Each structure stands twice: as C-alpha cells, then as structure tokens.
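As they're listed, the protein sequences go chains A and B.
Residue numbering for the first sequence follows my numbering, starting at 1 and increasing by one per position.
Residue numbering for the second sequence follows my numbering, starting at 1 and increasing by one per position.
Derived from the structure by calculation, the hints contain no laboratory data.
Remember, predicted model here, so these are calculated numbers, not experimental data.
There may be inaccurate statements among the hints.
Claimed, not checked - Across the chosen pairs, the derived CB separations fall in these ranges: (1) Lys624/B <-> Thr125/A: 18 to 28 Å; (2) His568/B <-> Thr125/A: 47 to 57 Å; (3) Ser88/A <-> Pro305/B: 18 to 28 Å.
Said to hold, decoys possible - Pulled a few chain A residues facing chain B out of the computed Cβ check, cut under 8 Å: (4) Val67; (5) Ala123; (6) Ser134; (7) Thr137; (8) Tyr142; (9) Thr143; (10) Lys148.
Every residue gets a Cβ at the ideal spot worked out from N, C-alpha and C, and that includes glycine.
What follows is each chain in one-letter form.
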Amino acid sequence: MKIKSLMTMTLAAVAFVFSMSSCSSNDDEPEVALATQVEGSYTGNEIFVVDNEESSNETKAYVFSKVSDTSIDMNIPEVGMGMMTIPSFSVKGITLSKDGNTIKGKVASYEGTVTGSDGTEKAYTVTDLTALFSDKTVVVTYTLKYGKMPFPFTGSFTGTKK
Amino acid sequence: MPAINLSAQSFRDSVELEPVVVTASHSPKALKDAPVVTRLITLHDIKITDATNIQDMLTQEIPGLEFGFAMSQETSLNMGGFGGNAVLFLVDGERMAGETMDNVDYNRLNLDNVGRIEIVKGASSALYGSNAVGGVVNIISRENLEPWTANINSRYNSFGHEWRNGANFSFNTKKWNSQTSFQHTKIDPVDLPKPYSSEEIAIELLKKAQGLPYDASVLDDDSNLSRLYGQKTYNVKERLTWRATDKLTLIGRGGYFFRTSERDTYDYHFNGYSAGLKGRYAWDYARHLELSYAYDQYDKANFLPDGTRTHDHDYSNRQHVAHALYHHSFGKNSLILGADYMHDYLSTYQFVDNASHAQNNIDGYAQFDWNITERLNVVGSVRYDYFSASAQKAFTERLAVVYKFPWITFRANYASGFRAPTLKEMYMHFDMGNMGYLLRGNPDLKPEKSHNFNIAVERTNRIRNSGFLDGRYNFTLMGYCNIFDKRITTIDGGTYEGMESALYWNEDGITVWGVDVSLGHIWDCGVSLRLNYSWMHETGNVYYSDFYQPRSHSMTWRIGYNHRFSRHYALDAALSGRSQGKPQSGRTDVDQGYTICKLMLQHHIWRGIHLNTAIDNLFNYKPKSYYYSSPLTTGTSFSIGLSVDLDMI
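With the rest of the complex left out, here is chain A (with noise of 0.2 Å):
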C-alpha cells in the first residue's frame, strides 16, 4: 500500500514539473521573431524562364537580411555573362507571416534601379513574389521586368541555409 501510494505520489510529481516546465517554456522564453529565424545566406539551384525558354543556375546564393521582426531584404545575385548579365539586385520589405510549419514572405510589386553590365542605370520591377522557408529550405518565386527587356523573367529558386 506504501509502495502503491509512493509511485501514485511520484508519478504526480514528475506529471507536475513537466507541466510546470512546459508553462515555464511559454511563459519566460519569448519565440524567435520570424525574421532572425530566417535571415541568412541560402544556396541552391535558380531557374529563370523568359519567352518559355527555362534556363537553370546552380550554386547561387540568395541572401535574405532581417529589416524588422517581421520584414526582410533580399538580395538575388548576378546572372547571365558578358553583355547578357542581370546583375545583383534587391527585393526590400518582404513581409513575414507564419503558416503552420512555414513561414511566408510576399510582396505584391517592388520596384528598383541598378547599373547594368553597359554602365547605364537599369529599372527593374519585381511583382508577385513568395518566399517560403520550412527548416533550412527556401523556395522564391517572382517575376522580373529588367531594363528594356520585352519579356518578364519568371524566376524561381530552392536553396538551403547554410
């Protein structure tokens, strides 16, 4: 009887801390604001498709900067050779949210200067853009109007956190 009432006691005070541990985490160890969770250097593969034509760039690093808890830049870097060259530009303002085990980025339409291969400023337009992060992955995809270019750029790009 002793025994039975000495485990019955036991089991209802490691039930009790854990429980109070479980609170304990809640309560007193604010969660890791959405930014800093996904801030950080991604490596991985980039496909651009413009005019239908899919071309893919592997070992690019696209580098996302936290702006505020729940806001992030990101840079995307240079593309193409020669005279053929995007270079590395910037999608600013990305808002977070969380969704399940994911967290979202999006951003309706971003629009930014940056000097081109030939010297001269370029325009650029970004639109309809997600980011989402899930663990270590990432996977963006946007549209890109680019200078002069006829065509939008349909880019996508799954890395992961270094």
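Fit chain B to the known structure of chain A by using the hints.
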C-alpha cells in the same frame, strides 16, 4: 428607315455576288466576273461583327488566318502559311508606311469609314508589286451618296473596359463629296489569369525540395504572356472628292493617327500621317487616265512616365509614291498600263548610330483583259520592278482564265509574287534589349519569290418551290498551291562585335497546299448562313515561329436573321463562330483546337438609332496558357454600343 434597308441590301449583296470589286483586276468588275476568287467583306459584315479595326475584322471572318503577338506585344500575322510581311495591306489601293512587327500597324486601319474589304489570296505582285506574295487585303473607303449624313457612336466592351467613340460626317453635292471620320479608343491593361498563383507554385516547389509528394502539373506553365498592355488611339480621316467636270475628278485625302501603348517602363507613342491627291480624267467611257501622289509617314518614340522623350527608340518611315495608270477599252476587252515611283526612307534606332537609309522603287506594268467569248475570259498581266538599295529587279506575271459553264463558273490562275528585302532587313544592327544579342542586316539579300496556282469552281443559284430551302445560295471551292522560295528569315550569325548574333538570310522555302470552301445561303424568310472553311498543309523547309501556330483546319461561320417587326423596330441578329484546329507544328503546349462563339443583336430603333449588344466567347473558353497566338480572351465578355444617325432624326 433607310439605314435598315441599306443594311439588308448589303447583306444580300454578300450572298448574291452582285457587288463590284477592284482588287483582282485593278479595275471595277462584278464579283461574279472577277478573274481571281475574291473574298468580299461587305458593309453589313463590318456592321454585324462590330469590329474596331482590320485585325478584329479578319479574325472573325477569315479562316486560315491568325494574328498573334511578338516581342513587346507587337502584332504578328500568319495567313495561309505566309507571314505578315507577305501580305500586302492597301487602303483604296495605296500602301502604308511603317511596321510594328512584320506589317503595318493594324490599329491605323480602323473601320469607321470603310465600305468594304476585298481579300485576294495568293500572289498579286503583277499588279501590286512587292509584298503581294501571299495575298492582298484592300480596304475600300465608303462614299455616301446622300446629301449629308452625320453619325455619332460609342461602344463599351467589358474586355479591358474598352471604350470606342466615333463621329462621322459626310456631304454630297453635284460637284463635291466629303467624308470625315474621327475615332478614339481606350483599353485598360488586362492581367491574364495564370493557372496557378506564385504561392501555389512555391508550395509545390517546397514539397519537391523536401522530398514530399507534389503536383508536377502546377509547376508546368507554358504561358508567354502575363499582361496585355493598355492603349489609346486617335484616328482622324478626311476624303474630299471634286467632280470638276464630267471628265475630270480630283480626290484629296488626309489622315492623322496617334496611339500610345502604356508599358511597364515607358509609354510607346506611334504617329501616322497620310496625305494624297488623285486625278482621274476620262476622255470617254473607253479611256481614262489616273495620276496620283501619296505620302505616308509612321513614327515611333518612347516616353518616360513624366513625359520626357527618351530618343533612344526613335523610328520614322516615310514613303512618297507617285502612280500613273491608263485604261483603254476595246469593246469588251481592255488594256491597263501603269507605272509607279516610290521613295522609301527609314530612320531607326535599330541602325548603327540611329542612321537613316533610303531606296527608290520604280515599276511598270501592263494587263490585258480579253473576253474571247461570252463564256471565256482571259486576263494576263506582267510587271517589272527595280529597287535601288539592293539593285534588285523582279519580273512578275499572272494569267487568269475564267470559263462560265451553264451551271458553274470555273477559274484557273497562275501568279508570281515577290517581296524585296526591306531597309531594316538589309541594314539592321540592333542589340536586342541591350542584352548583348545582335540582330544583323544583310545588304546581299535576294527578294523572296512565290508562285501561286489555283483553280476554283463557283455556283450561284436560287432555289424555288422547295419548301424551307427557298432562297439564294452560292458555293465556292478553291484548291491552291503556293511555292514560296528564298524566304527571308534569321539564322545564327555567330559571334559579332563580341556579341552573339542573328543574321538575315535567304532560306529555302516552303510549299503550301490548301483548299478553301465558302458557302452562303439566304432564305426568303430572312435567315442566312455563311460558312468559310480552310485547309492547308505546308511542306519543305517549314519553320514554326513562336509567334503564330498555323493550323491545318479552320473555319468561320455565321447564322443571321434580320426582320423588321414594326415601323419603329427592326432586328439584325447574328450568331457567329471561329473554330481553329490543332496546330500543324504538333506543339501540345498551345490550344489544341478551340471554338469561340459570339452573339450579336443590333436593334434598329425609330429613326437612325442603333443599339448594338454582343456577348463574345459565349461558352467561356479560356486558354490553358497564354502563348503568343492565344485567342485574346479571359472568358465571356459583353459589349454594348449606341450609334445615332443624326441626319435621320
């Protein structure tokens, strides 16, 4: 009610082969006597389709023809296997300057003051010179004969929230006839629906990256286009005829066109200017002489959103054309002698240092129309052309035979065609989009050549006392073969000035075989049917451009009904359709055949008031992806328009 009567008469004309056409023989002939099969689009056809411009009109009426987009959403054309630059567009027989992709700016060719359109498929260079390789589309202006007319009209179309507003005024006296027209159109940008959003695509990509099951079809989007640019147009035209004496008539004309296309980075501005003077002196019924001068200019320029002109995309094409034509009849036979001079000037950003080039074209031609018997007619034509820039010469000829059996009319025709290399094809030096890909002209290009053979049978008759079939019908069956050689296209030009390049080149050509069938029936009760079917097949060095998808089978059809219900109300109704078969290329990422139907109801109310309502794409067809020659629809759309003939009120 004259407006209603005019409409009905035009409608009957289209079936009964009564109208007069000019394109096939360079002189007026009854359609049933034309030496070459001529497809006529009447004033009634123009009104019942409610088309805004020639592109809109031909798309609805002509099978075997497909407009599409090219780079920068410029318009490309394929007609019966020929690219747009092999089809010659004329306005009252005059050429137009400028180009958007492979032909003129079709927005210039609005239909506000057009009386009819004549289409001759196959070569016609023996009469019209360069570019008449695959066909001629001649847009003939309307000439009202009432003392005066005035019309205002407006139409709204839900596709792109398009507005079209127009005004027309004419007067006619013993000595003078004037036609004035103005049209303004405005269409908003149209975002084309994608099958899947960027987020849906990203979700499937993430599943794929994580090794989870994913839907591959979501990642497979073959669209070339995501947004149609908005644009505005303004088009003003004036045509003034002075019948100075019984023998001498002078016709002056002028026009101005402006279009702005609202792009992502710039606004594209297009300006067109045209002017002309024609004199016709008739000694008697048998002899007359025509002398004319025509000027046409087409300019393009880019503007920043703040209105600053960038000057890095300036383009100007100017053409001066002088014509002389002498016509002499010998009883039932006739002789035509003609000569032209054209000065063609082009300045464009696509030349080195925005330079300009010019060339002169001179030609002479003769045609003899020989009516050997009451049944047999033979028309022969020869022409010589010389182009100064390329120092190219071209001899072209045509022989057409018409024989009228008691039951059918039989036609056989051979014609040759050519297209001289354009200044752009000879001198282009253009880094496409500043991306290091050079398009290079080739001054050594040879003219494209074509040989067209066709035979046709035609029957027109009235059915009486047969019950529900009573009425008139016509039937035309034409088979043709077009041999097209030395086609000018681009090939890999290797590395040039440190850039990848494409070079204009004469390629081996193609042979196009085809059959056209046209059937029209108008019942005595006011119901009508018109059906046009086209089959074609290309062999040889077939090249499938991304910008158009020639289809072996295509068809247009229209079922019409017109009836006056009371003194104050008449209805003109039409259910029409356009069916396209599978692309000849075998591509599976484009529409594999589709039909788009349209219902048009024109209510003629009281005196001179016309209310037009239309539902386009009745069955809500949507392309699975938007490629360059997709049907321009996002589903069912509607339009409503009001046209008021002020002179009738």
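Structure-based check of each hint:
1. Lys624/B <-> Thr125/A: 18 to 28 Å: holds, 27 Å
2. His568/B <-> Thr125/A: 47 to 57 Å: Once the Cβ atoms are compared, 55 Å apart, the range 47 to 57 Å for Thr125/A and His568/B holds.
3. Ser88/A <-> Pro305/B: 18 to 28 Å: With Cβ atoms ~26 Å apart, the hint holds.
4. Val67: Since chain B brings no Cβ nearer than about 21 Å to Val67/A, farther than 8 Å, the hint is violated.
5. Ala123: This hint holds: Ala123/A lies near chain B, its Cβ roughly 6 Å from the closest one there, short of 8 Å.
6. Ser134: At 6 Å from the nearest chain B Cβ, Ser134/A passes the 8 Å test, so the hint holds.
7. Thr137: Nearest chain B Cβ about 5 Å off; hint holds.
8. Tyr142: Nearest chain B Cβ about 7 Å off; hint holds.
9. Thr143: Cβ of Thr143/A sits 7 Å from chain B, so the hint holds.
10. Lys148: With a minimum Cβ separation of about 5 Å from chain B (threshold 8 Å), the hint on Lys148/A holds.
Hint compliance for this structure: hint 4 alone is broken.
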